[in-house]
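**Student:** Model the placement of chains B and C on the given structure of chain A, informed by the hints.
Residue numbers (the working numbering), protein chains in the order written: chain A, 1 to 443; chain B, 444 to 936; chain C, 937 to 1201.
Any given hint could be a false lead.
Listed next, the in silico DSS-like pairs over lysine-lysine satisfying Cα-Cα at most 27 Å (straight line) [what the hints assert, rightly or not]:
1. K1048(C) to K36(A)
2. K970(C) to K27(A)
3. K1025(C) to K970(C)
4. K1048(C) to K829(B)
5. K27(A) to K1067(C)
6. K1067(C) to K26(A)
7. K126(A) to K161(A)
To be clear, the hints were calculated from the coordinates, so they are not data collected in a lab.
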Amino acid sequence: MTDTLSQTPDAPRKSASLHTQDARTKKRNAAEARFKFYGLTAIAIGLFFLVVLAVSIVRSGLPAFTQAVVNVEFTLTKEQFDDAESQLFKTKAYSGFFNAALVERLEASGIETEFDEKAVERILGKTGGTIREYFRENQGELGSPVAFSLATSSRVDGYLKGRVTRENMEDSRFLQRADLDLVDDLQAAGILKQAFNWNFITGADSGVDNPGGAGIGASVVGSFFMMLVVLFLSLPIGVAASIYLEEFAPQNRFTDLIEVNISNLAAVPSIVFGILGLAVFIQFMHLPQSAPLVGGLVLTLMTLPTIIISTRASLKAVPPSIRDAALGLGASKMQAVFHHVLPLAMPGILTGTIIGLAQALGETAPLLLIGMVGFVARGYPDGFVAGFTEPNSAMPAQIYTWAARADVGFYEKAWGGIIVLLLFLLTMNIIAIILRRRFERRW
Amino acid sequence: MPLAWLVIIVLAIATAGYVVGRSRALSAAGGNARGLHSLPVYYGANVALKIIVPAFGIMILWLLAQPWVIERSVATIIPDSAVAEGSNRGLVMAEVRRTASGIVNAVASGEMSRDVAEEQPGDLEEFTQRLKDAGQVVTSTLSAPVVAAAQRYNVLSATGALYMAGLVVLASLAGLVFGISESRPDFRARNVVEQGVRALLIGAASIAILTTLGIVLSLVFNTIEFFRLYPASHYFFSLEWAPSFSGRGGSSELGVLPLLWGTFYISIVALIVAVPIGLFAAIYLSEYASHRTRAFAKPLLEVLAGIPTIVYGLFALLTVGPLLVSVFGDGGLLGVDWQGGGRAVITAGGVMGIMLIPFVSSLSDDIINAVPQAMRDGSYGLGATKSETIRQVVLPAALPGIVGAVLLAASRAIGETMIVVLGAGAAARLSLNPFEAMTTVTAKIVSQLTGDSDFASPEALVAFALGMTLFILTLGLNVVALYIVRTYREQYD
Amino acid sequence: MNDMRQVERTVDTGQHKITAKNVQVHYGDTHAIKDVNVNIEDKTVTAFIGPSGCGKSTFLRCINRMNDTIDICRVTGDILIDGEDIYDKKVDPVQLRAKVGMVFQKPNPFPKSIYDNIAYGPRIHGLARNKAELDEIVEKSLRRGAIWDEVKDRLHAPGTGLSGGQQQRLCIARAVATEPEVLLMDEPCSALDPIATAQVEELIDELRRNYSVVIVTHSMQQAARVSQKTAFFHLGNLVEYGETGQIFTNPNDPRTESYITGRIG
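The shape of chain A in the complex, shown without the other chains (with noise of 0.2 Å):
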């Protein structure tokens, strides 16, 4: 302590007033409010982000959710019906009675416009087939009047929505330019309205050439079945893995290898699980390519990684203390394990699931490599087994499908399908948060 005692008592250096900032605290206090500066931005750039995917997915995929129609009323008698049944081109015959119809309500409207059949066909396509195939059905409502919702092309939809114009379209066979003046007069007689598309919620996949008519129903229920594949496999495996590593394994080797296996798997890309379920499940095992069962598969080793590491953490936060109390009564360690221990974690094991599945259902990339993109996905399945077995898409995958398309009305589709994906993907999350807010317990 000598070095102390030798210092002669300085005196502190002349003390400046608290009350005035010195120029050197100006400068420190900018450069703190700078760098607070950057921390707001750093967040406000990444709510931005959010708002602005928010804003393009809401925009760009609410029209997929409508779709326009023209709804003409008319009556058709007996005799007409009959008379068109004799005729040798029996759908021309009826399409002139739509036609008719057509120009009857512009009239009345107070439009005068001229068009040829031809024009109404590529604006509504084949009419008469629709029309006879109702009446040849419903007989009975001869005489009567019948009101008609015709669906428009997808071309004719996308100038109402703005995707085609004027001036980027070309007359082809499809659509001409012509015909865009009696579609802005149909609209303004208030024939053609925008309706509800509920073939998109409920219809199949549509071939590569018809945007109009592709509905995401099909590869829903292909998720579906996908899902239950991993919630019956993954939740049992998952909790079993992670009861024995959190209550039953010893310390030693084996235990340490089961735990770097599940930490790497937590981490190693998607992708890669779609390799192995290529290899093993297709190639090596010859289950069906496409099927969603291969898909929950895939999609349950990706998915119990996330389950194990959730439910050791809905274990680890039950107390010892209920253990001990159960191993004081006499209980097995199984019986302390699976009678107070495992209860008490459910909610948490179930919260964690849950986020799991949801993971697991917006993910694409192993599903592309066990063929469920090069599918179209024409229909439902057969039955509940088929549901499992035979080729289908999934929603993620049926996106991406209308991604890649060249036609640009499969756009629309594909941010549609996103919203419909979100959608499910936010009732999963609320239905956890539900859980976790309703049975958190604190220890």
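**Tutor:** Relative to the frame of chain A, chains B and C by itself:
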């Protein structure tokens, strides 16, 4: 569905075994449960376990082995002459499998009689047509060896299924008898059952190992196969990626370097976006934000992490790409003609960066919060401002953890698929221009395996070598990152 | 209490360095400090004693506004240093803390080298114009912290590698390096062994020559050993304040007496 029936039969036997085992043990103890070693349910469960485990074990093993064995046996009856020029045995076998399942389906739907299905067809065209009429997917006209092999395939499958059913039922009955004979009052049923359950738990935990094993084996075997067909030196050192399309012949250049360059370039762009934004967001949230701001902004930022990558892919392709072209492209806002198309390194990298913001920020948030408050107090006590404390005390203390977080984010970026498939482009290029389209390892895995290349060709097999490269790369990054993060955590525990 | 070493009591210089008037502190709904009035003198060691949770640390942290970093904490009343209200809007806590240094309960060296630990304060406050001056400040501070001889050969080794007592003296040296006028010490010896404690106590006595030192302590013996003035806190109230000798031998308040004789606390 005979398999479903078999499962139901086994379960029925198990249920019966449960009831019998339970009541037998009880009656042996004179109806008094106290006379038993364990609770009566354990005697029942013991019997049920002894039925289910071996029966289902045999079933699963058989189902795994049967296709392999049958394939071998059927492959021998296909003469070499049946393998067409430019094709190979694998393709023919695929054809055989398709035909076989087509015949089965046609018979099941009643479109084809059993006799026709099993006899050698006189007219192959008619036979093919009947299959097509039944809605089955078969090629133009089936050849005689293929039909014969398919029929043989079906016969073997049917016999195999029959044998399996017999064996499974037999095994479950044996289990039933053995289990019931064990149900004596002094039998330690609970211990046995618990040991069985424990074994099942260990089995479930081992699936993680099996998955890794499956990944490694499927990658290794196919990669070896690839290097047998294509020189490894070209794969590793060639500066060109130019696969020839199947059927057209000609040699492919399959150099991995351009793909790796694209992968790294896009990942670096992503990190340049994500790391500063994510880190500053984490700093603001953990050091400055009021409780309410934090409760509001943190979950919202994390929403970005919960959005599926396909959405980001679409966002890159349809929103960000065109937007960037309208700024940097020909006739764009800046009047520069840098960017030719929407798909570019900067598009994919930028969108990937957005996706990684919450990843970086929540990891950094955890790490910054792990720095002890005492450290901050020490700095404040010396008259440091908040930013000085953060920059000179908190961040240096958290640096290892943050480096780990950035490495984890990098591994994410390297393994990301959908964004690059949709946003980065298809052309492999060694270029420094971020406005050019480039491609990545993951994008090429997808395109090589979803194209119409034959699975046995080097053009398809290269995907496995790419997968191996990707797996090793991300695994290495993860191991290093987790190690750094863990040592960092231990430092403050 | 016979073992108490009675330090020389050259007190009452008459200068009030710190003056607290009607100070109240609320933590959320808890009323932690109730109407405290106290005058703390310059070049004196003042000890705050009292049972756990009595508010002595809270009050100490009011003197350099460390409580500002806690959101729910609210301080009312006036605290004056050299006659200036430190809770005035014009006061920047950063400047205040440079003037009022603080040493914490647990040694908290930064994960940097010993040199950088000491140089941190002078650097942020711009006390050195060049490297030579900084070297000088570092050496002087380490000497004041009575740790120079132990670390002079390894100034660039990490500060976290020192022993507990060395770390705490390093923290004191670090606080001294910014040339404060007041040093606040929050139980500086509670994490140290008896030998390290003795060294730190000796150091505190040295520091009295230059600074006004306020020390919160759990140990009455320590208060008796190092301080000239003692304040006894109980349940947020300042019960008694006076000469250390008088507080320990002849307390006025029955609560003080109970505490000193070990009946409460």
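**Student:** All hints, please: hold or fail.
**Tutor:** Now for the hints, and whether the structure bears them out:
| no. | hint | verdict |
| --- | --- | --- |
| 1 | K1048(C) to K36(A) | holds, 25 Å |
| 2 | K970(C) to K27(A) | violated, 37 Å |
| 3 | K1025(C) to K970(C) | holds, 23 Å |
| 4 | K1048(C) to K829(B) | holds, 18 Å |
| 5 | K27(A) to K1067(C) | holds, 22 Å |
| 6 | K1067(C) to K26(A) | holds, 24 Å |
| 7 | K126(A) to K161(A) | holds, 22 Å |
The structure does not agree with numbered hint 2 stated previously, though it agrees with all others.
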